[in-house]
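Using the hints, position chain B against chain A.
These protein sequence lines are chains A and B, in that order. Using my numbering, you'd call the opening residue of the first sequence number 1 and step up by one each time. Using my numbering, you'd call the opening residue of the second sequence number 1 and step up by one each time.
One or more of the hints may lead you astray.
Said to hold, decoys possible - Quick list of in silico lysine-lysine cross-link-like pairs, DSS-like style, CA-CA up to 30 Å:
| id | chain 1 | residue 1 | chain 2 | residue 2 |
| --- | --- | --- | --- | --- |
| 1 | B | K47 | A | K44 |
| 2 | B | K107 | A | K44 |
| 3 | A | K65 | B | K47 |
| 4 | B | K47 | A | K76 |
| 5 | A | K13 | A | K76 |
| 6 | B | K47 | B | K107 |
| 7 | A | K76 | A | K65 |
| 8 | A | K44 | A | K13 |
| 9 | A | K65 | A | K44 |
| 10 | A | K74 | B | K47 |
| 11 | A | K13 | A | K65 |
Bear in mind the hints are in silico, worked out from the structure with no lab data behind them. Note that the structure is predicted; figures quoted are calculated from it, not measured.
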Amino acid sequence: QVQLQESGPGLVKPSGTLSLTCAVSGDSISGNNWWIWVRQSPGKGLEWIGEIYHTGRTNYNPSLKRRVTISVDKTKNQFSLNLTSVTAADTAVYYCATMAVAGFDYWGQGTLVTVSS
Amino acid sequence: QSVLTQPPSVSGAPGQRVTISCTGSNSNIGARYEVHWYQQLPGTAPKLLIYGNTNRPSGVPDRFSGSKSGTSASLAITGLQAGDEADYYCQSYDSSLSRWVFGGGTKLTVL
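Bound conformation, chain A alone:
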């Protein structure tokens, strides 16, 4: 059973950089999975941010692409999200998830990140 756990600051200043890490247990990050970030603004729906394969191949949401970087750390079996130039519109619960074949089959519990001065 794969388990995912997000960690990172819960408060980020406007124009700053949001940085989160997702620790993976129960599976190797070098396996045949895509490692994914999704966010959910308060009271709103789900928005796919991007994904990474262990080879380093990435796919990003075009609307966020110029601000997003997703990376993998194989030595720590974790992957990370960096989102630059944040505004209040980036306030959301951020989830990490994984996809093996179809559908995002495992999710972290989510972490709320608030953008405020």
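Positioned in the frame of chain A, the structure of chain B alone reads:
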């Protein structure tokens, strides 16, 4: 406005059957991209409910079923239970937008 359109809310009495629709276009569902469904109980992370249009992950009761036709998909829930109260989201891939897309979510209320 979401790329995939779902009704904001549906309701049903315990034991009844409800369906949730998910309407897309020829660049996502109609382009034969698979549809996946998620259940999000209050205060929790989404959980994969249906993958590949019709398949249930291990542990998901057969009261939940998915279907797809043309540019639309549906989630059916039979034998409604109080514990089914949640938000339900559909998901597919959109080739025009080059990204995964979700429906806006449907809140299920068990009366």
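Hint check results:
no.	hint	result
1	B:K47 - A:K44	holds (17 Å)
2	B:K107 - A:K44	holds (12 Å)
3	A:K65 - B:K47	holds (26 Å)
4	B:K47 - A:K76	holds (26 Å)
5	A:K13 - A:K76	holds (28 Å)
6	B:K47 - B:K107	holds (15 Å)
7	A:K76 - A:K65	holds (25 Å)
8	A:K44 - A:K13	holds (22 Å)
9	A:K65 - A:K44	holds (21 Å)
10	A:K74 - B:K47	holds (26 Å)
11	A:K13 - A:K65	holds (20 Å)
Checked against the numbered hints given earlier, the structure satisfies every one of them.
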